[in-house]
Amino acid sequence: MAVIAQPPPTQTHADVTRDVVGTLSPATKGYNLMLAGAVGLFLVGVVTFTLILRDGLGLAGYNPPIFWSVFITTFVFWVGIGHAGTLISAILFLFRSPWRTAVYRATEAMTVFAVMTAGLFPIIHIGRQWIFYWLLPYPNQRYLWPNFKSPLVWDVFAIGTYLTVSTLFLIFGLIPDVAAVRDKATGWRKQVYAALSLNWQGTDNQWRHYSRAYLYLAALAAPLVLSVHSVVSWDFASSLIPGWHGTIFAPYFVAGAIYSGVGMVFTLLIPLRKYLRLEHMIGDYHFDNMSKLTLFTGTILFYAYGMEYFVAWYSGNTFEQTTFWRRAFGPMWWGGWAMIICNGLVSQLLWFRKIRVNLTALFVISIFINIGMWFERYVIINSLSNDYIPYAWDGMVPTWADWGILAGSFGWFGMWFLLFAKNFPIVAIQEIKEFIPMPRKHAASAGHH
Amino acid sequence: MAARKMTPGVLASFEHIDVACDTIRALRAKGRKDITVFYSHPSHELEEAVGHKVSPVRLFTLIGGLTGTTAAFSMQIWMNRNWPLLVGGKPIVAIPAFVVIGFELTVLIGALCTLFGVFFLSTILRHKGVTYDGRFSDDRIGVFVPAGPDQAPALEKMFKDAGAVEVQRAA
Amino acid sequence: MSDEREPSSEVSRRRFLTVLGTTSAGAAMLSGCSTEKVEKLIPYLVQSEDQVPGIPTWYASTCTECSAGCGLHVRVREGRPVKLEGNPDNPINKGALCARGQAGLQGLYNPGRVRTPMVKQGGTWKEISWDDAIAMLAQKVGAASGKLAVISGAGRGTFSSFLGDWTSAAGGRVVRYQAFDLEPVREANLRVFGRDEIPAYDFGAAKYIVSFGADFLETFGSPTEYQLGYAESHGFTGGREPAKHVYFAPRASLTGLNADEWHAVVPGSEASLALAMAGVLMQQRGGSVSGMASVSVEDAAKATGLSGETITRLAKEFASASPSLAVAGGIGSQTAGATELCAAVNLLNYAAGNVGQTVRFGADLDHGDGFGALEALSKSLGSGEVEVLLVHEANPVFTAPRATKFGDALAKVPFKVSTAQYFDETAAASDLLLPSHHALERWDDLNARAGYWGLMQPVLTPVFSSMAPGDILLKTAQKAGGAMAKFSAATWEEQLKSTWQARFPGGDAMWRAALARGGMYQDAPVTAVKVGNADVSTSAPALEGAGEFTLLPYATSHYFDGRGANRPWLAENPDPVTKITWQSWVELSPEAAARINVREGEILKVTSPHGSVEAAAYIYPGLRADVIAIPLGLGHTELGEFAKGRGVNYLDLLGPVTGSFIPYVSVKVQVERTHAYRKVAKTEGTTRQLGRGIAEAMPLAYASKGMTLEQSAKAAGHPEHEINTPRELEALQGWRDGQVGLKDGEGRRLGNYAGEHAMWGMAVDLSRCTGCSACVTACYAENNIAWVGEEQILRGREMSWMRIERYWEGGSDGEPIEARFVPMMCQHCDNAPCEPVCPVYAAYHTPDGLNGQVYNRCVGTRYCANNCPYKVRYFNWLAYNKKAFPEPLNLQLNPDVTVRARGVMEKCTFCVQRIRGAQHVARLEDRPLKDGDVVTACQQACPSRAISFGDMHDPESAVLKIKQDPRGYHILEEINVRPAVTYLAKVLRSEPVAHAASGGGEHN
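Each protein sequence line maps, in turn, to chains F, G and A. With the first letter of the first sequence counted as 1, position 131 gets the number 131 in this note's numbering; the numbers rise by one all the way through. With the first letter of the second sequence counted as 1, position 74 gets the number 74 in this note's numbering; the numbers rise by one all the way through. With the first letter of the third sequence counted as 1, position 880 gets the number 880 in this note's numbering; the numbers rise by one all the way through.
If you're looking for bench data, these hints aren't it; they were derived computationally from the structure. Treat the hints with care, since some could be wrong.
Unchecked claim - In silico DSBU-like links for lysine-lysine, alpha-carbon gap of 35 Å or less: (1) F/K441 / G/K157; (2) G/K90 / F/K184; (3) A/K486 / G/K90; (4) G/K53 / F/K441; (5) F/K354 / F/K422; (6) F/K441 / F/K292; (7) G/K157 / F/K184; (8) A/K316 / A/K147; (9) G/K90 / F/K441; (10) F/K190 / F/K422; (11) A/K486 / A/K412; (12) G/K160 / F/K441; (13) G/K160 / G/K30; (14) A/K644 / A/K412; (15) G/K90 / G/K53; (16) A/K120 / A/K207; (17) G/K160 / F/K184; (18) F/K184 / G/K33; (19) G/K160 / F/K190; (20) G/K90 / A/K961; (21) F/K190 / G/K33; (22) G/K30 / F/K441; (23) A/K644 / A/K120; (24) A/K883 / A/K605; (25) A/K961 / A/K930.
Unchecked claim - Distance windows between CB atoms, simulated: (26) F/G30 / G/H44: 50 to 60 Å; (27) A/I55 / F/Y143: 25 to 35 Å; (28) A/T116 / F/Y143: 35 to 45 Å; (29) A/R678 / F/S315: 36 to 46 Å.
Quick caveat, the model's predicted, so the values are computed rather than measured. For glycine and all other residues, C-beta sits at the position ideal for the given N, C-alpha and C.
Okay, chain F solo, but in the shape it has when bound (with noise of 0.2 Å):
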């Protein structure tokens, strides 16, 4: 396919400043009133987990043999969804992809606030929330420890490993811009923004150490991203119930996650780049190639749901069979129909360089892939519904206590996310700098060497 070249920078380091240093000016009403939807749906399921925690988990839909459902669901659509972030930041860092600089900072608080919003509901989705955390090794005078046996204390480890590094990730990145702000900025804001630069002066001894921590981060980083949805998958492929017992689900839900995360990166930087005028640093060329990105993980999936079908009809299990017969054509067959539309297909039409850079076009694609992958999970979720025991089998709708849990968790990823894009840059200044080289008084004479 066509590939579209890095444009020549345009600007100096002076104006990257300014520009990037100018998305942090005074609230518009349009901002405040994103802020305060965003604040009310968090407030719509803080209000659903309050008269959870006091009836039950009842209120929810629940109906056995589905045990687990809509927050499951949307507890791995988030986990999912963070894995753009990281993945952009850390390993294309690594590749050395330079189309990255100009988007990782925003993806990378995609997932810190995602990673957040999905650590969540483990605890939303216990039935006795208030004691989760016996999931932890902590001593205790009854000498009881957590089952490592157990994927779900997996879960609580990878989760609470992933939170932890992309977040000090993304502080990390933050320091030299925080004091590049912080440089700016006048009254008592300089005062905030010296606070988190932490010293930072950009000293050739900073500088040394930084770089160097960064990359080692960054290595770090990189195989977190693979493990964590791994794990999560391990949920479901470790358990033995057709559907979810499955070798492929490590590489199928890593793919799922990345795509559903850069279908995200489109949901949330076409309107943010419009609305922080960042036209001239994330175009086409950026959104070309996170749009093959997408393309690449989208046809993984694609192929993934293939496979599932087929092993399921060769491997000749009566089980497995039945229960992608149903995923099909059973009472849940719009969903299984839904998430291979718009994941599988929908993917496919980013093979046209014109759709690529089309923002329109990748705008509505990005919201199909959102939809689309929180099916994908609720479908495979579903397969509880017809596992061995026929006599068991049941269907279940979900209800209000479901739907208010998902707003909420919308909510407060929203909040966050917006809180983050006006108060620090959300394009990275100091790695954008680094590709615009600084004025020379003798030509190239001196450059490189």
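Got chain F sorted already, so can you dock chains G and A onto it with the hints?
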């Protein structure tokens, strides 16, 4: 940081990277080791000019990572034997099941140690403050050389000749 | 096999109860003190010797839930009965107990009970003191001067005869009225053999059983006794050929579903069939019955809609088996011609030589005076002949069809007294309420059949301010004086005891022995009978109305005549046939449903000439296309919060009763769609097992050759289930052995696992299981399982640790429909998939092989339930424990079992509390645990003796022997979870219906 006692010396700022680099090299040729250079973004050119050795921060990463691995496995093995409970007919100590947490803790502790390393090396060791200019985080390159009143004038002259856009003395 | 197992447990109980005999007098004292005292923190100031806190006390008693007279063992903890079990000494139920019997406890603690004496003043109830109440009754009875009538639902016994004397002394008359009174059986016996009695049927001795719509596993006669016998004769136990069971009825009841052949005959045509069979039989055997009308096979075929060949074949089979047994007189086929049918069946039995063998006259089972007597009385009620009507523990207002206008007649009586236990429809219509004790609160007896006297004794302080009916009568008599002054006994207890000592020799020793054994049981001699009058009209009785469907009643084994409707245990225990809970429904055959284009759950309006009801449709393959069925016993307007306004009353559709009994099958009905829908609260998902080998079966031919399932499947030419190649199988086996190594290795040496332990295991014989669901209620009672109610069941949230799965086989393209019942409980797998996924070790494996569930460690991730292939884990989605035990139902809770809180997972524990209990007893007696010391609740209740339980490490244990039966298999063996429950495949007379293609073609 204002509280910190300032080192007396000369601070020059440059607009052109090649000029800055040449100046730094010249200073080092004169045998000055205690130069401090300020710049707004990672730059190989300047790093070469300053000519540091590779940062030792990677040692922190390595040690942290290994600690994580050992901690993870010993914790899991000990806790499982501390109160043995049979589940699903699996052995009490089921190493394959412990690998996941082994990996996660490697990454976690590795990352934490790396960060600690950075702050330890770049901040805490810097006992003395030097004068700083906000433009260094924008588009200027700063070079600071500690100097008593006796050497200062010479340095100032040198910087001016080299083409510094601005030279000030910090006392 | 049950006989192998019984003795040990019996012995221990006997010894236990001989101790009790001496102490049970103390129990009587106990019932003297008032409830307030009991509610104090420390119940006993001076602790009574037979109430040791923490140690259960057992009392023998007698069940009064129906007239069968099963014996009870009441488990009492801290002065509260917490569990009812069958009394092994009672020859009727031999230790088993049906679901209704188990639920008797919810009768005792029922919130719907009348709590104090009350009088109706100006249409509203007002509490009064017992003295005033008695005085009022005495005054009224005196004033009535003979214009007194009594309707008594009490069983035959000392009380009912006393009631008779009492009433005649007052110049009145008693009508003993019991629903499902088998009037046709008695009338037919009177006509044919000259004996107005219900004989004893010996299902255990029969080699061939033909039922003409007699639901002997549900409501007919003495179901538990019959089921015990049926399991013995019809169940498969190598050696001898099991009895064959043929069922003729337009609808397959639970009894029909257990039959080897079910033939959906035209309603009301059975009589001709019976006679035709008798004819063929006599041709084959010779001999004849004088005066018996001969019906040709052709005529019978025409009448019943069966083929002549079928009739001849069955008749020949029947003839060549001896002794055999034919029964008739079930509610489901009770047409106006029921008496004719029973007479015809009498002749069939007589011709087959069963009378005196499997049909034993002289036993004279308890029964009332029949519905005719009630009708006669209700006619006279309006005419001023009756001033005072006393209704004792009967509910005719509900159990008599509305069209008989009993309620109106009752209203005409100036003064109506009720000594009901529950505030039922009749009690609500009375003027004075004198609540009588529950059978567990009073001294009483029941003469269930000639020679059998079951005793009842008070086992707790009365729950409410009620009184023993005997005492009510005595006090009233003494108050009224005059002719009644002769009833001078100080207490009813005294009178009962003296009556007994007059009835049986042996004085106090006899009394104590009787109390310990729960009564006196002497088999009455079999009376020989001859055919007197042999004429039988075979003309099918006319049906009223022009509707397209004949309306059939479904007398469920849970609700019985309606008295079960206010017991959550029964309402929540899925109907064994349809698996529906809490609701009423209308059954249609698939053909009928297709014809009038109805889906399950559409509300149908069923209209008869006498009324109409609306209920949701349920498509049931065990039904003729020209009939519909509605369950009996629902649609109460009173009786308590759980029954009131729930479902519809079948009887509203019937007409006035002209004969001596209610012809339940007498109207044709119109069925209209309402296009409104209501989800049917059934607990089943898919009705087919999709060839997953869950409920396995094998043909008799192969079973008797001692084949295993695989061998039998091969022999029958079924496709192999195995999908792995021999090489893969070898690898798998190696891997499995490796696993055993692992588990018996390190794991077994550490911590609590070190040393020798038992290995608990269970076996379930599907050739004996009838799906009756007694085990389900037993499990609810033993394990404090919360019922969740209709709304939660609609979300599939029932908590039944033990459930009976019912799968259909065949039924399509001409194949006969076959039902397979599988009791499904936690399989306590060695490789339990639920355990490793629990993050907090709430689910773990105990050293004695149990799959433990630690409630207070559970955080409720529910992963275990997801990962359970048998789906036998149940989650407390809401605070069910708060709702399920309203006062005073909470008094029933078993102190040995935690009441689970909201947010935790629960499941079958193999009755771990009973295991530990038995282990403690063994330790106290300083002996090793014996096989049979541990009896799980389901095993104890099972009237088919289909469940066995024990230590698989004990080479002598019965369960181990049963597990080695070639029919044995594990459900879902292929996923290698190594369950501890072994099922013995059902044995079929016919080829097992080939497994339906699995995978795609599943229908929900």
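Does the structure break any of the earlier hints, and which numbers would those be? Hints 2, 3, 6, 8, 9, 15, 16, 26 and 28 are the ones this structure does not satisfy, whereas the remaining hints hold.
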